[in-house]
Each structure stands twice: as structure tokens, then as C-alpha cells.
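A.B. asks: Those protein sequence lines, which keep their order, are chains A and B. Under the working numbering, the first residue of the first sequence is numbered 939, with each subsequent residue one higher. Under the working numbering, the first residue of the second sequence is numbered 939, with each subsequent residue one higher.
If you are wondering where the hints come from, they were derived from the structure by calculation, not from laboratory data. Incorrect hints may have been included.
No copy is singled out in the list; a pair is fine if it fits within one copy or between any two copies.
[What the hints assert, rightly or not] With a cut-off of at most 27 Å between alpha-carbon atoms, the simulated DSS-like pairs for lysine-lysine come out as follows: (1) Lys1161 / Lys1145; (2) Lys1347 / Lys1383; (3) Lys1152 / Lys1365; (4) Lys1074 / Lys964; (5) Lys1383 / Lys1168; (6) Lys964 / Lys1383; (7) Lys1000 / Lys1062; (8) Lys1365 / Lys1100.
2 protein chains.
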Amino acid sequence: MDAAEFRKRGKEMVDYVADYLEKIDKRQVFPDVEPGYLRPLIPDCAPQDPESFEDVFKDIEKIIMPGVTHWHSPYFFAYFPAASSFPALLADMLCGGIGCVGFSWAASPACTELETVMLDWLGKMINLPEEFLAGKDGQGGGVIQGSASEATLISLLAARTKTIRRVQSENPELTEAEIMGRLVAYASDQAHSSVERAALIGGVKIKNVSSDDKFTVCGSALKKVLDEDKASGLIPFFFCATLGTTPCCSFDRLLELGPICNKENIWMHIDAAYAGSAFICPEFRHLLNGVEFADSFNFNPHKWLLVNFDCSAMWVKKRSDLIGAFKLEPLYLQHHHQERFRSLKLWFVLRMYGVTGLQEHIRKHVRLSHQFEHLVLQDERFEICAEVVLGLVCFRLKGSNELNKALLKSINEAKKIHLVPCYLREKFVLRFAVCSRTVESTHVKFAWQHISQLATDLLQTWEHDDHQQ
Amino acid sequence: MDAAEFRKRGKEMVDYVADYLEKIDKRQVFPDVEPGYLRPLIPDCAPQDPESFEDVFKDIEKIIMPGVTHWHSPYFFAYFPAASSFPALLADMLCGGIGCVGFSWAASPACTELETVMLDWLGKMINLPEEFLAGKDGQGGGVIQGSASEATLISLLAARTKTIRRVQSENPELTEAEIMGRLVAYASDQAHSSVERAALIGGVKIKNVSSDDKFTVCGSALKKVLDEDKASGLIPFFFCATLGTTPCCSFDRLLELGPICNKENIWMHIDAAYAGSAFICPEFRHLLNGVEFADSFNFNPHKWLLVNFDCSAMWVKKRSDLIGAFKLEPLYLQHHHQERFRSLKLWFVLRMYGVTGLQEHIRKHVRLSHQFEHLVLQDERFEICAEVVLGLVCFRLKGSNELNKALLKSINEAKKIHLVPCYLREKFVLRFAVCSRTVESTHVKFAWQHISQLATDLLQTWEHDDHQQ
Ligand SMILES: Cc1ncc(COP(=O)(O)O)c(C=O)c1O
Ligand SMILES: Cc1ncc(COP(=O)(O)O)c(C=O)c1O
Chain A
939 MDAAEFRKRG KEMVDYVADY LEKIDKRQVF PDVEPGYLRP LIPDCAPQDP
989 ESFEDVFKDI EKIIMPGVTH WHSPYFFAYF PAASSFPALL ADMLCGGIGC
1039 VGFSWAASPA CTELETVMLD WLGKMINLPE EFLAGKDGQG GGVIQGSASE
1089 ATLISLLAAR TKTIRRVQSE NPELTEAEIM GRLVAYASDQ AHSSVERAAL
1139 IGGVKIKNVS SDDKFTVCGS ALKKVLDEDK ASGLIPFFFC ATLGTTPCCS
1189 FDRLLELGPI CNKENIWMHI DAAYAGSAFI CPEFRHLLNG VEFADSFNFN
1239 PHKWLLVNFD CSAMWVKKRS DLIGAFKLEP LYLQHHHQER FRSLKLWFVL
1289 RMYGVTGLQE HIRKHVRLSH QFEHLVLQDE RFEICAEVVL GLVCFRLKGS
1339 NELNKALLKS INEAKKIHLV PCYLREKFVL RFAVCSRTVE STHVKFAWQH
1389 ISQLATDLLQ TWEHDDHQQ
Chain B
939 MDAAEFRKRG KEMVDYVADY LEKIDKRQVF PDVEPGYLRP LIPDCAPQDP
989 ESFEDVFKDI EKIIMPGVTH WHSPYFFAYF PAASSFPALL ADMLCGGIGC
1039 VGFSWAASPA CTELETVMLD WLGKMINLPE EFLAGKDGQG GGVIQGSASE
1089 ATLISLLAAR TKTIRRVQSE NPELTEAEIM GRLVAYASDQ AHSSVERAAL
1139 IGGVKIKNVS SDDKFTVCGS ALKKVLDEDK ASGLIPFFFC ATLGTTPCCS
1189 FDRLLELGPI CNKENIWMHI DAAYAGSAFI CPEFRHLLNG VEFADSFNFN
1239 PHKWLLVNFD CSAMWVKKRS DLIGAFKLEP LYLQHHHQER FRSLKLWFVL
1289 RMYGVTGLQE HIRKHVRLSH QFEHLVLQDE RFEICAEVVL GLVCFRLKGS
1339 NELNKALLKS INEAKKIHLV PCYLREKFVL RFAVCSRTVE STHVKFAWQH
1389 ISQLATDLLQ TWEHDDHQQ
């Protein structure tokens, strides 16, 4: 394929993508296929000779689409949103075309520099303390990571190195392995599994801090476990606070936790993977109060800020501290492998939406989740299971876990909308996450009527059934 | 921006990218800007109100392009290639449009399944032993990672867990921390820095194995360090063999190293980041002989197989072993965070080039590197510093490191071509890597004439200069 054919096929692909997104509400949100559906549909091995674009193109509808879960359908209410917008798609085309690799300044000056400046823009949008910004020659700064998991891992590793150095300088008789064996990291029992994984990768212990009845970690809970662990000879070194937990979007109390971490020499990382985007709205910014105590902070514009995957924004407060503290910092903090020109997406989206356009997007989602919450509250068969703060509603039928599992099953088998569940303590709960860029009040109303009808059907049979308990 | 505007702007962007790539040879390969050039050119913060596409679009040439190192210019001979092709760009547009997240089967069946099948296709193309393939329900299988660094890290972590389990079952009195403190990983002194980093992240020791005068690790070198380390109580657990080292594209001797690793219970990972793509040509496949002894193998189609970043292919031989051996395997091996539909690129490229088209691409690059090698050899002022096997030529002026640094400086300051250097032992060496998809014999000839002329100029002044030593 030469440039001339690319011009033709590229334009066809633009139309295909535009058609797909414009009419996505006509597609069944969740596919009908069974595991293993694809292998029999395609050859065993790659063709020897080139196939035409037409042949490949027609297989998209024949082979791929039947197996796609349509994340951008307005009937998709599962997980958390995956951001998508037209400006980001345009930027990604440009990024692919340039195809540069940004692992050092010389390898691609524009790529390296735009990233730093864009993270300053974004940091200012959420009113991050000055210390986190790079500015002309600031102490802190931001970097784009591939995922929140990666950001958590990097901050845990930085904390590990820093702590080992400190403890070793105070206790020269201890070996690195001995110190490693006593290090312990902490996170809420509601934290994302990536925090546990980061600790496993880093070879250090991790403990849960109990969240309260609002699924929130407060200062006293952290204090309690720290005191116990220090008494038994362990060395607390890292705490990951979550703003917007995955199950129910609860918020740890930074203003209580931060001072404890600072006092105890514990690195505080804040994981705001989903919720962070909301902090561009002044009415939600208070949820970030206490970030001034943190060492590192992360959220995913690729979740809720209309920037297509991947774009996870991470800031550290004191780069200079790090650079002084351990020689490995540049390896950890900078991209240690090939990276694309990801900041272009941020640049396109921030400029073509403007701050106000992005705020509107966030506010629409929050409004729709409250709309759904109100519909649930009007039906006394149902209950709301956690405070609705942003775009997520956790709800369930008053009744057993089995009943709620049956409800979810009937919802997902009908395939008119798509939801996923979670557990809150022992309770099986349905999560209604406002996801699509194009979702409107009518879709939310439809979803509720549909759920409500399925609940009615279910309860009728359920009551005459021995499932009931 | 709505779908209608996206249709218009998307097509403009397709033309922009086509123009860029078609006329990339007219652009200066390396930019003129100085560090910090970009910040003064753009506002301090994101705009409140939306800007038009036109405004953003015209800044591409004004602000971005002046700071771009043109990786796809036929005058770019630095690092290793970054793959790029039109079919891959088309696939990426589709991938962005679908915008699904593939972290589990249900989250996107087509994405999960196409990936497995594509890695079987690719595995067959390089004639990987059956054990590495997933097949219908095989023991092994492949997965797409973001980078070779990531693949190395994952294999090191898997090896670490497996070894700790084994040692602990044999020596129940040892704690995990004690075992960790004795684990040691190995790689060639020519290995990529990502291997050392993987060990640092995993909190285990790493040692270099000395390469020979061909920059190759042979069995006896590994044996020697293993014997010493075992005698002093360490536990060797991981060896990363390199096929195609970063400095000079040398190859470790798998057929000697593999049996040693197998006998000593050492996980052998093979990093063939760049060279792996060449194994689709039967005449280069022998370089992979011995892969049958490995536990995991990785190469980057995003380097040399015309699949745009990111697409790093990793296979493990015995998934079943892993699943039995440690509960964490699914966390490590599967994507533990959001991933795009990266296999689409592989599908488009393998089909639209066909195996023969991809072989042609590899062979052209190898032919061009030998052309350059011959030009160097005809000039007795120069020497070749390592065997030319694939698309990389390491060369230098016979003379001091200072002389060669001066030559590189004059090459890169002229900005007609772009090269980077490396050290081979104490020698400062210039690396000529055939990179661009569109590079032809004329570009190679031009590059050589240019280098040769600069060398003449340099040698004239150098001889009358006190630099000379
Ligand atoms: C609170 C939280 N942290 C981390 C993650 C993982 O994000 P990523 O996929 O970017 O690693 C999620 C994903 O939903 C999340 O909700
Ligand atoms: C031999 C080798 N291994 C690993 C890497 C790192 O690759 P990645 O950027 O995919 O992590 C390179 C990069 O050039 C390499 O040459």
C-alpha cells in the first residue's frame, strides 16, 4: 500500500469510524459470541501473499464486530468510562503518522517538551499545588504513563528505594534484604488490585487499612495499623490513598491521612484514576484537598476526560528530592522504553473542548447519575448502597445476594444495556456507571425502566420459588 | 466536534499524514531547536473556551514539526527502526474508533481472541516450537506487551516467584526475604539496560556475564559465574539471553546456554527486541536455534515488522506450569490494566503485506546494511567493529575515540543524516542502523559519501591540531 492508496483507504476508514460511532446505539451493546468464536473464522496462519484492503475491510463487520463489547454505546454502563472523542482520534492519527519515539529529548524534542507543558496545563486545571508543576524550572512535574497501575508501581518503587537508603544510613548493620523484608505498604481494603500487585512486584508486604461504613479510610484506621506494625518491627514506607474507589467511588480522607504519612516518613501516593477528571470542576475540587501532603498523584484522562487510551497523568512533588535521593530516579521516572507522542491527544482535546467544554462533560455525567439515583430511590424495592458523588451509582434490590445476582444475570442476558457488579463488604451490588460521551437522559430513563421491568418479572417468579430466603 | 466535522477533519488529517510521509525526505532529519523551545510558543494554560480545528491544525507545522526528529526519514540511521506502515495506521484508526478495553474476555471478546490467534500466526512465521503456541488449547501462548522491557520484567518476576516457591519447599526454614536476598539474575554485559532495571524493580541482584570478542555470551562464561555464585551461597534463578544486542547486534549462544539453564533450574528468557523480526526469513532462522530451551521469548514487531508502536510480542512455553506454580500468574501474564485492540495492527499488516512482503522488507534492510559495510571496507581510513548480521553496521575511523566523537559531532551537526554512537568495550563506535521503510540504496550511498567527505574535512584539520594523539 502506497501513500496514494492510503489516502483513499484512510478516508474510507474515517467514514467507517464516523458511521460506527454515529450509529453505535443501533448495535447490541454486548455481543452474542461464545469463548473461542473467532479462531474457526480465520485461517490457521498468515497468508504468504498480500491480501487486498477490501478483503481485510470486509472482515471487520464479519469477524471483529460480532465479538465487540461496544464501550461507547450509550447503553454501556459497566466498569468505568473509557474516554473517546473526535479530537483525540485526530491527534492519534497524527501521532501514528509522525511515529516518533520519545525516550529522550534528542529522540524527539517536541514530544518530550509538549508532554511537560501539557501536564502543567492539566495540573493547573485541577489546581494542583505549584510544587507539582514543572514550570520553567520547578521542583516537581508531570509525566504521561500508560496506566494508573504503572503510576502506582513507580511511586511504590521510588518510595522503596528512598526508604532503604534512609534506613540503611541510620542502621548501617542492616542489609538491603533485611530492610526489604520489613517494609510494608498500605492501602484501603477498597483500593484497586493494582496496588497489591505493585507491592508483589516490588517484593514488599502490603496490608489493607480498614475502610469505614462509607468505604472511606480515615486517619485513625491508618494510625492503628501503623502503631501495631511498628511495634512488631516492621517499617511502614508507602500509603496509597484512593480518591474514587473502583467499587463505589468513595474517597479516602486525605486531610487526616496526609499529616500522618508526612510525620511517619511514609510516601503518600494518591490514586484518583477515575475521579481525578472531576477536579477540573470547582464544585468537586474539595475532594482533592490534602493533596499538598502527597508525594505523588495520578489520574487517568483516558477514563473520564475525553482523551483516548492511553493517557494516565502522574505528578511528583519533589523531583529534586528524588534526583538527590537515588541514582535510579531517571530510570524510574522517565519513560524507560519507547513511547509515542501521547501528549498530542491532550493538546487537541484541551484546546478543542476548552476547560468549559470538559467541565460540561463531567457535569452531564454527574447529573445523569443523580437522575438514576433518584429513579432508584423512588422504587422502594431498591436501595442505594453508597453515596453518589460522581458518575457512579451502586444499587441493589432489597433482598439476598442471590436475588441480585439473578437480576444482573437477566439484565446482561437481555443485552439491552450492560452493567457489572461488585461486592461492598458481603453485599452483591450492581454498579451503574455513566460512561458514554453521548449518553443522555433518555438512555438513563430507558435503562431504569428496563431494569425495573426485569426486577418485576424476576420478583414474580422468585417469590414462588425456593431461591427465596 | 461532531461526527460530520470529524469526517471532514479526519480526511484532512489523512492527507496531512500522507503528505508528511510522502515528502519526509525533504525535511531536515534532525531539528534545529534548543531545549526549552516549545514552552514560550504556547499559552501558559489551557483555553477556557474551545478553539477551532483550524487553529490547532496550523500549530502542527508552526510548533510541533520544528521540534520533531523524523524517525521515518530515509536519512534517519539512529537507534533501531521504529516500525511504520500504512496498513498499521489504518488499523490504529479502527482501534481508536472501537476504543474498547481488553482486560478480560467479556470486556472485549474479539480483542482477547484475535490477540491469541495473531500471536499463533506470528509464532508460526518464525517457526517457534509448538509448545509456545496456544493452538486450540495448548500449553503455551503469546500475548502483546507494550515493550520488550515489560516482557523482560514479567518473565523475571515469574521466575522469581517460581524459584522462591521451590526453594522454600526444599528449605522450609528460609523466609521469603532471606531467599530474595540470595537470588541472582544474569545477562550479557551487552544486554539492554532494561534487564538491569527489571532486576532493580524486582529487588534482586543482577550480574553481568562477560561476552567474548564477538560480543557474544557463550556457555563457559555463564558456567563460570554460576559456579562462583553458587559456591558463595547465592541462588541463580534467571538468565536473559540477547539475540541482537543494542550496541552491535550480536547473538548469545542459545545452544550452549539453554542446556545449562535447564539443568540449573534457571529461567531462560530471550530478548530479541530488534532481531526477532528477521526470523521470518528462513536464512536467518538459525539464529533462533536453541529457543526450545527457553521459558519465554520476546521480540518487537513495532521495531522491524512494520507494525506501529506499541506491539511487543511475548510467548511463554508452559502456561500450565505457571498456573500451577503460582497463584499470581494471571495477574502477571494477562493485561492487568486497560489495553487497546493492538492485535488489529498485526492482523492488517500480516494480511496486507503477506509473509513474502514482510520478508522482502527485512531482506532489503539487510542488503542495505551490507552495501554500507562494503563502502566502509573500501575506505582504509575506516574499520568495521562488529560482524554485520542484520541491518546494523558498527564502524569507526581508525584512530582515537576523540577523533570519532568529532566525526559524529560533525555528522549530526550537518543534520543531513542522523546517527547515534555506542561503546564497544572502550571503543567509541558509530552505529549505522537501516531504519526507514522507504530507505533505498541511493540514500545509503548518499550517507556514505557524506560521512566520507566529513571525515576528509575532519582529518585535514585534525592532523594539524593538538587533538591528535
Ligand atoms: C481506583 C482505580 N485505580 C486504578 C485503576 C486501574 O487503572 P489502569 O487500568 O489505568 O491501571 C482503576 C481502574 O478502574 C481504578 O478504578
Ligand atoms: C536488545 C534490546 N532489548 C530491549 C530493548 C528495549 O525495547 P523496548 O523499548 O521495547 O522496551 C531494546 C531497544 O532498543 C533492545 O535493543
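A.B. asks: Now look at each hint and say whether the structure bears it out.
C.D. replies: Each hint tested on the structure:
1. For a Cα distance limit of 27 Å, the shortest separation of lysine 1161 from lysine 1145 inside one copy, 13 Å, qualifies, whereas the shortest one across copies, 41 Å, does not.
2. Within a single copy, lysine 1347 and lysine 1383 get their C-alpha atoms as close as 20 Å, which meets the 27 Å cut-off; across copies the closest is 67 Å, which misses it.
3. In this assembly of identical chains, lysine 1152 and lysine 1365 lie within 27 Å of each other by CA distance solely inside one copy; the values are 14 Å within and 64 Å between copies.
4. Taking identical chains as interchangeable, the C-alpha atoms of lysine 1074 and lysine 964 are never at most 27 Å apart, the minima being 49 Å within one chain and 33 Å between chains.
5. For the identical chains of this complex, lysine 1383 and lysine 1168 are neighbours neither inside a copy (52 Å) nor across copies (68 Å), given an alpha-carbon limit of 27 Å.
6. Taking the shortest Cα distances, lysine 964 and lysine 1383 sit within 27 Å of each other inside one copy (17 Å), while across copies they are farther apart (57 Å).
7. Taking the closest pair of Cα atoms, lysine 1000 and lysine 1062 come within 27 Å of each other only across two copies (25 Å); inside a single copy the shortest separation is 46 Å, beyond that limit.
8. In this assembly of identical chains, lysine 1365 and lysine 1100 lie within 27 Å of each other by CA distance neither inside one copy nor across copies; the values are 40 Å within and 35 Å between.
The structure fails hints 4, 5 and 8 (numbered hints given earlier, in ascending order).
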